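Residue numbers (this note's numbering), protein chains in the order written: chain A, 796 to 1458; chain B, 36 to 378; chain C, 11 to 334; chain D, 81 to 238; chain E, 7 to 281.
For the record, the hints were derived by calculation from the structure and aren't laboratory data.
Source: prediction; values computed, not measured.
Don't take each hint at face value.
Capping the alpha-carbon separation at 20 angstroms, the derived lysine to any residue pairs in SDA-like fashion look like this [unchecked claim]:
#1 K108/B x H90/E
#2 K81/C x G26/C
#3 K1412/A x R104/C
#4 K324/B x T1410/A
Residues of chain A placed beyond 10 angstroms of chain C at every Cβ, according to the derived structure [what the hints assert, rightly or not]:
#5 P1076
#6 D1084
#7 G1173
#8 P1196
#9 R1214
#10 A1255
#11 M1305
#12 K1402
#13 R1458
Covered stretches of chain A (in silico footprint by chain D; criterion: 3 or more residues with CB under 8 angstroms from a CB of chain D, positions within the stretch not fixed) [claimed, not checked]:
#14 890 to 896
#15 905 to 917
#16 1222 to 1231
Just so it is clear, CB atoms sit at the ideal spot from N, CA and C, and this is done for glycine as well.
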Amino acid sequence: MRKIGVFVCHCGTNIAATVDVKAVAETLGREPSVVVSEDYPYMCSESGQNLIKDSIRDYGLDGIVICSCSPRMHENTFRKAAASAGLNPYMVEIANIREQCSWIHKDKAEATEKAILLGKAAIAKVLLNTPLIAGESGVVKRALVIGGGIAGIQTALDIAEAGFPVDIVEQKPTIGGKMAQLDKTFPTLDCSACILTPKMVDCAQNENIKIYSYSEIESVSGFVGNFTVKIRRKARYVDETKCTGCGLCTEKCPVKKVPNEFNLGLDNRRAVYIPFAQAVPKIAAIDADYCNMLKNGKCGLCSKVCTVGAIDYKQEDTFVEERYGAIVAATGYEIADVSRYGEYAYNQSKDVVTSLELERLMNAAGPTGGTLLRPSDGKHPHTIVFVQCVGSRCTPDKGKPYCSKICCMYTAKHAMLIREKYPDTEVYVFYIDVRTPGKNFDEFWRRAVEEFGVHYIKGAVGKISPRPDGTLDVQGSDLLMDEQLHISADLVVLAAAIEPSKTARSLATMLTASMDTNDFFTEAHPKLRPVESPTAGIFLSGVCQGPKDIPETVAQASACAAKVIGLLSKDKLKGNPCVAHSDEMMCNGCSNCANVCPYGAITYSDKEFRMPDRTTKTRRVAWVNPAVCQGCGACTVACPSGAMDLLGFSNSQIMAEVDALCR
Amino acid sequence: MLYLKAEKLDAFLARAAETRKLYVPVDSEPGRSSYREWTPGTAVSRGLHTTRSAKDFFFPQTENLAGFRVEDKKIRVIDPRAETEDFAVFGVRACDARSFGILDKVFLADPVDTYYENRRRHGLILSMSCRRPAETCFCKNFGIDAAEPEGDVRFTDDGDGWYLEALTEAGKAFLDPLADLCEDRDPAGAEAAKEKTREIVDRLPLNDLPVGKFGGGKTKELFDRPEWAELSEACIGCGTCTFVCPTCQCYDIRDFDTGREIRRFRCWDSCMYSDFTKMAGGNPRLTQKERFRQRFMHKLVYFPENNGGEFGCVGCGRCLASCPIHMHIVKVMKRLGEDENEQ
Amino acid sequence: MRNKLVERAKELLADGTVTRVIGWKRGEFSYDVTPAVFETAEELEKDFVYDGFCGANVSKYLIRESAKEGKILAFLKPCDAFSFNQLLAEHRIRRENVYAVGIPCEGMADIGKIRSAGIDGVTGIREEGEEFVLSTLYGEERIAKKDALAERCLVCKSKRHPVYDELIGEEGEDLPDDARFEAVDKLEKMTAEERFQFWRGELSRCIRCNACRNVCPACTCENCVFDNPDSGLSQKAAADPFEESMYHIIRAFHVAGRCTDCGECSRVCPENIPLHLLNRKFIKDIDELYGAYRAGENAENKNPLVSFREEDAEPSVVHERGRA
Amino acid sequence: MQVNEQTGFVPTIVAFCCNWCSYAGADLSGTNRLQYPANVKIIRVPCSCRVNPMFILRAFGRGADGVILCGCHPGDCHYTTGNYYTRRRMTLLCSMLDYLGIERKRTRVEWVSAAEGAKFAKTMRSFAEEIAALGPNRRLEDLRVRKSEPEGRVPDAE
Amino acid sequence: MNSETLIPHAVVVDEVRADTPDVKTFRILTREGGKPFDHIPGQCAMISVPGVGEGMFSITSSPTDEAYMEFSIKKCGHLTNWLHALEPGMEVTVRGPYGRPFPVEDELRGKDLLFIAGGIGLAPLRSVIRYVRDRRENYGDVQIVYGARSKEDLVDYEEILTEWMSAPGFTVNLTIDRAEEGWDGHVGFVPNYVTELNPDLAKTVLVCGPPIMIKFTVKGLSDLGFKPEQIYTTMELRMKCGVGKCGRCNIGSKYVCKDGPVFRFDELGELPDEY
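Chain A on its own, in the form it takes in the complex (with noise of 0.2 angstroms):
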C-alpha cells in the first residue's frame, strides 16, 4: 500500500468549466490509498507547484496524481516539482482531463464522471510505479553533419567555431548545395556565389572541420552521445592529397558529352572534372559511367596530363568509421519530377524550364554566360512565362500537398531580373496565391508588378503547347477577369515544386529518425523543438525538415548548431529511465526480443546460475543496455515469457489502467 496524493487543476475554467473538479477532487479522495486530494486553479503554476510540494511532504507521498493537462504539456514539469520536493520524479503520473476530458465533452456530469475514471486509472498506475534514476553516458565531442549545402556548411561553421570538431559528408564532389547554382537571393538581389563560397572556403580552411567530398552514410549505430557512423568513400580515381585542382585533366579528357549537373545538364562537362571553379575541395573526379579507361581500359589520357600523379584508376571505395556525439541532417531538396505533368509539355520543349535551370540560364558561370538565351535555339527570348505551383499544393495523387514556399519569392526576382536586364521581354506570371511573408518580401514583390511591369495572373494554365514556329502556346485562365488567354511564349519557366532528397528516407531508417508521409525529417516538437529529431542527438538544418528559403535556413542552420553545442558541451548525459529490461531467471535466450529492436540495445550471454538446489544451470540470457534502449516496447511482446518488460510502462502498470478504466 502507498500513500498517493491526487491534485486536480482546473485549468482556470479550461476543465473547471466542463469538470466538476471539486467532485474529482473529492471522489478520488475516497480511493483506498490516496490520503491527499487536493483541487487549484493553476496546479503548474508556481503556488500550485507548491501546494504539491508541501504534501509530498507534509503527508510522506510515495506517488502523486495530477488530473490536468496532457503529460506531453507539463508532466516534466510536475515531474520537476516532485523531484525538488524528494519523490523520485517517475512516480508521478498525469491523468489528462482536458485535452482528453474538459476540452472534448460538453456535459458536466459525462466529463466529471469520466475525470474520475481517468483519475483512477491514473491512480492504479501509480501505485505499481517504480522509482528510476536514469543512466548516464558519455559524449563523444564530435559533430556529423550530413549534407554540405547552406544548411550543413552554416551548422558546421557555428559548431567548429563553438571549438568541437565537426564533420561534413558531401555525396558529391563538392560541397555548396543548391545554393551554389542559384543565380542571384532575394530581395536583396545579391550575388549567391559571393556569399556562398567565402563559408565554402571557411569550411575547407577551418580546423576543426573535415570534409568528406564524394561520400555517403553507410551505417549509424549507436545512440546520442556515442555514435558510431560508417563512412563510405566512393571512388573518384583522383587521389585527394596530390589533386592541385589545377584543372589540366578535365581539359585533356576526350570524353566531352557528359550532361553537366551543375547546369543541370544544359551543358556539357567531360568525364573527369571538377563541378565548378569554386568547388571546395577542388579536387578533380572522374565519372566511371563516362570515363573510357575504367570502362574498357583505353586512354589513360588524364593520367599522362596530370604533374602530380594523382590519377588513380585502381582506387576502389574504401570505408571510414568514425564516432561523433551528436549527427545533423542536412540533406536539402531536389526539384520535384516535372515530367508527369504532360500539360506543361516539359519533355517536348527544352524551352519549358524549371526554375532553378532559369538561375543556371542566367548566371554568368552557366551555359550561356549568363546571357538569357533559349536552349532550344539560343535566341533571346521576349516572351517568358511563369507557371507557379507546379507540383505543389496538390492532391497527394496529383503531386506534393504542401506548398514549396520559396517559389513566389524567386520568380518575382526572376522577373524582376529579366525585366531589368531585358526591357523589352514581356514576362507573364500565373499564380493562384502569391506569398509572402517575409521580412522586406511584400514590397519587393510590388516593385516587381509596379516597377517592373510584370504580368501577374491569377489563374492556373491548363495546357502548354509547342508550335511549330518554335513559339509555345500556353493556355490558361485569368480567374479575375474571367477570361481564357492564349499567350505565345517564347520560353516558359515552371515553379516546380521542391522535394526533400532522394536519399533521405533510407539515411532516416539509419539515424532511427522519423519522416513525415512527405519524406521531410519530423521534428520533435513543430514549435518547441524545432531543429531537432525525436530520435536524440539527431539534429536537423534546412529543407530537410521543410521548405524554407537561405535566411531560414541559415537560421535553422545556426538554430540547430547551437543545440549541438549545447549537447557535445556535456560530459555526461541522463538516459530516459523508462527503457526494457529482462528478467534473467525467466528468460529463455530466444532472441525474439533482440530481432525486434530497432536499436540493436539486447545482447545476448551465456551465464551461469545457481539454482535453489544448489546446482548451477548455464543459461543463454538477454541483457538491455539501458543508454541505446529508447523504450518502445517492442521487445516486450516479442517475449512470449513476459522476461521483458518495460520500466514506467510495465505490463502490470498497462493492465492495472485497462482494468481502472473498464469499471
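Fit chains B, C, D and E to the known structure of chain A by using the hints.
Below, chains B, C, D and E alone, put in the same frame as chain A:
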C-alpha cells in the same frame, strides 16, 4: 427387488428430475462422455467412464469462498454462498462412488469444510455397476467391487435394465416414489448380473498390483527409492492426472478483483505443478521428481497412514488413459513393488 | 525398424559417440509408451520400442538433456525434427550435445480413435500388414491402420527431416498442404455465430490441466506467464469462460510463428479439444499474409512475428476477408 | 456519451494510443475542441508495439465492449519500425478473434498521426457508434465482472 | 470466531512498530476493540489484504495479552510488502487460530525452558516467552538464547531489555553474527553459542530460526546429550488453507498447518527430509 427396464429409464429420470437437478453421463463423442444436467430427450451414455470424475459435484474446479468490498477504506466481508439445491448424480461407477468416501475423509475432517459438506448433504449418488470394465481398471486392488458400488441407490445393470436397491435412507426416500415405474423381480437376476461383472473383473490385466508393498508406515522404505528418478523422468508436470482423478483434492486460494469487490475463490491445484509449493521463501519441492513422488506417496502411503489404511486411489484408470506420456500409478506401483532381488 | 534403431543405438553407445539415447519405452498395453532415456544396451533391448504408437515428440526433452554432460542420441521423427530445429533456432538446445538420428514415420495411431471405433478393453496390439490386430478383454478385433491413424497424421505436413546427423531409412518428402488446412477452412466459412458456438463448446471442456502447454515443444518458457503471479495473468483454473479463451488465445499467440504443427497439444488433451486448429489458423494466416513460412524448416529463419515488410496487409484485411 | 438509443446500452471503449502520434493526435483533437464520445478512454503507451494482445483481451475481460489501438502511420513510427510489428501482431490477433467467432468489429487498429486531430475524433466517433450498435461484449467477457451480478450475504454482524 | 470457515474477519491495525529494518510488529483489534479470537502460544493465523493475498503468520502476542493480538512480520514478498505499508487505522482480514500449539499446559509445565531463536525466529517463541513470564509460577527457569545478524536485526530488542532480562528466573543470552560498534555482548552464531553455554540437560528446548540454524543447533544439542524428545520447534511452510486440506504443507504424512506447526524433534525424525 425393483427392476427398471431400459425403456423406462427416460420416464424414471423425468420423474426424478422433478424434485432435484439430475446429472447424467452423456456421450460427447464416441467413446467419450461427460456429466450434463438431464433434460427431456437427453441420451444417457452407456460408456464406462466420464472423462472427468464425479468429484466435480462436491468439489468443483472453482468455487467462491468469500468476497470483500472496500468502502471508505473499511473492509466488508461477504459470504457468497447461496442456498444449495438438492441434486442427484446418476451412473456413478464403483470407483467414483468410493472416491466420495475418500474426499469425505479430507473435507469432513475437523475443521469441516462447510462448502463441501453442504454439497455432500444435498447430493444423492445413484451408482451403477460395471458391465464392461476397461483394461485400465484396477479397482479390485483396493477392495472395490465393481459389481456392488456404494452410493445412495445402486443400479445393477443386466444389459436390459437395472435392479435397484436403496442403500441409504436418502436413497430410499428418493426411490420409493419412483417404485411405480419399476417392476418387481427376483433378486437372483441381480446376483447373476453381478457375477457376470465379477467374472470379467477377475480377468482384468492389472488385478495383481503389489498393494502390500504400500500403505501407512512405508515412508522410510519408499521415499528414497532411486526408481523415482527414472519414473518421473518423462513427466511433463501437467495436471492431467490430478484433474481427472476422483480423489485428488489439492486446491489453491486466489483473489480476483471484479472491479466492485475482491472475490476470494479456490480452485483445483496440482501437486505436479512446479509452483505448487512455491512460496516467498523458496520451494521445498524443486524438481519434478519430488513433485511426482509426492503425488504417489500421498495416495499410496501418507493417505493410508492418516486414514486407517485406506488408499487414496480407487483404480478408476482415468490417469492411465489420459496421461500424455503414459506414466501412471500402475507403472509406479509395479516398478516400486518389484522385488529388490529382481533388480 | 525397432531392431534397426536398437542396433544402431547400441553401436553408438559402444563406440562412445553418445552416452545416452532418448526414445520410447514399452508400456502395459502396447499403446501406452513413455518417452525415456536409455543408458545401456540392456535397457534398450528390454524396453525400447518404435512402432505405430510412438507419437510422443521427444524434442522438448532435449532442452534438459542437452544441458547435461555428454552427447545424447535422439531418434527424431519428421515432426520431432521440425520441433528440434525450431528449438535450435531459439537457442534452446545445445546442438553439440545431441546426435540427431532421423527416423521414418508412417503416421502414428491414436488409441482414442480405436476406442471411439467401439473397440474397448484393448490389452495388446500387433501390426499385420495394413491392419492392427487388437487383443481385448472381449475378444480379438481388427482395425485398418488408416482408421486408427491420428488426425494430425492424416494431414501430415512432411515426411522429411529438416535436420539430422544421420538418417535411418529413406528420406521422405514434404506433403501437400491442402488437406492440412481443410478443417481451418471449414471453420472460416462458418458464420461468426457458428464459430463462436463451436469454440465455446470445445473450450468450455478445458480443465486447465496445462498438458497442451507442458507438452508443446514451443512452450518452453522458463516461467510461463500463466504461472507467474507477477504477470497479472496467472490462473490455476479457468474460473470463467473468458479465462479459457484468454489462455488458449494467448498460448496460440505466443507460439505463433514458432509452432511446427506437430499436433502434440491435441494428442495430449484429456478432453480431446482440437487445439491444433488454433495454431493452424495462425500458420495459415501467416502463409497467406506474409508468405509461405514453416517453423523449424531452417534454424536461421526469422519468425514472421519478429519481422515485417513495409507493404504488409493492414489489420483491416480481416474485415475485408469477412466481407468476401 | 455514445448510447444505443434502442437498448440504452452505453459501451465502454478503451483506446491504446502511442505517445508520439496518436496520443498527440488525441491531444490535438482536444486542442481543436473536436468532440468524441466520453465512452472512449485513452491509455498512453510509448509505441503501438508496446500493446500486448494480453492487454486487449484483458480489456475485454474487464468489461470493455470495444478496443481500439492507434499508432503512427506505418513508416512514421517514432521508433522507426514499431508499428510494423504492431500491424502483424494485430492482424493475426484480429484474425484469431474473428476465427473464434468474436465480433471482428470490436477490435480495431487505426493509424493516426500527431497532426490528425480531426481524424482521431472522427475515428473515435465512428468506433463508438459501431460498438454501441453492436451491443455489449458477450463473447469475450468475464462473467464475474459483469455489473449485474448478485451479491452474497454479509456474515459479519455489521 | 469459528475456525471451520475459510471466510476471514476484518480487523483494524491498531499499532505498527518497526522492530528491525525488515520486521514490523502489528497490533490488531476488532472494530469493537479486543482480540478477534483466543489462541494458545505457537498457533498461527491467516492474515490477508484482499486482492493481494493471504499468508500464515505466527501469533506473537501471548494469550495473557488480553487486549490485543500481535504479529511480527518480516518483509519477504508481495503480501508482506503490502503489510509493511500498513498504517494504524487501516484494515486487514484475519482467520484462525490454526495449528497445534506448544504444549504450554502439558509437557512444558513445570519444566526449565531453553528458548533458542535466530532472527525472525523469535516471533513464534515470543508468545510462549510472554506466556511463561505471565504464568511464572507454572514453569521453572527460563533461558533465552537469541541471535541475529546484527544488533539492529534483533527483533523485540526493547522488550528483551526492559521486560525479559528483568523477569524473575529469566536469563537472556544475546549474540550477533559479526562484531559491531556499540555492542559489547557476545559475537558469533547461535549454534556455537548454545554449545558454549552448555545448558543443563534437564531443560526442555524450544528452537526456531532459519533452517540452517535449527539444523546446527539441534546437532549441537544432541552432541551435548539432549534427546529429540526434549526439543520442540515450529515450522512455517507453504501453508495456504490453514486447515489441512489444500494439500501443500505436508512433510510426509503430516500437515504443518494442522499437525504442526509445532513439532517435537522425535516426530520430525520420522518424516522424510523434505523441508
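Each hint tested on the structure:
no., hint, verdict
1, K108/B x H90/E, "17 angstroms, holds"
2, K81/C x G26/C, "9 angstroms, holds"
3, K1412/A x R104/C, "13 angstroms, holds"
4, K324/B x T1410/A, "15 angstroms, holds"
5, P1076, "38 angstroms, holds"
6, D1084, "30 angstroms, holds"
7, G1173, "47 angstroms, holds"
8, P1196, "21 angstroms, holds"
9, R1214, "49 angstroms, holds"
10, A1255, "35 angstroms, holds"
11, M1305, "16 angstroms, holds"
12, K1402, "13 angstroms, holds"
13, R1458, "16 angstroms, holds"
14, 890 to 896, "holds (count 5)"
15, 905 to 917, "holds (count 7)"
16, 1222 to 1231, "violated (count 0)"
When each numbered hint is compared with the structure, a violation occurs for hint 16 only.
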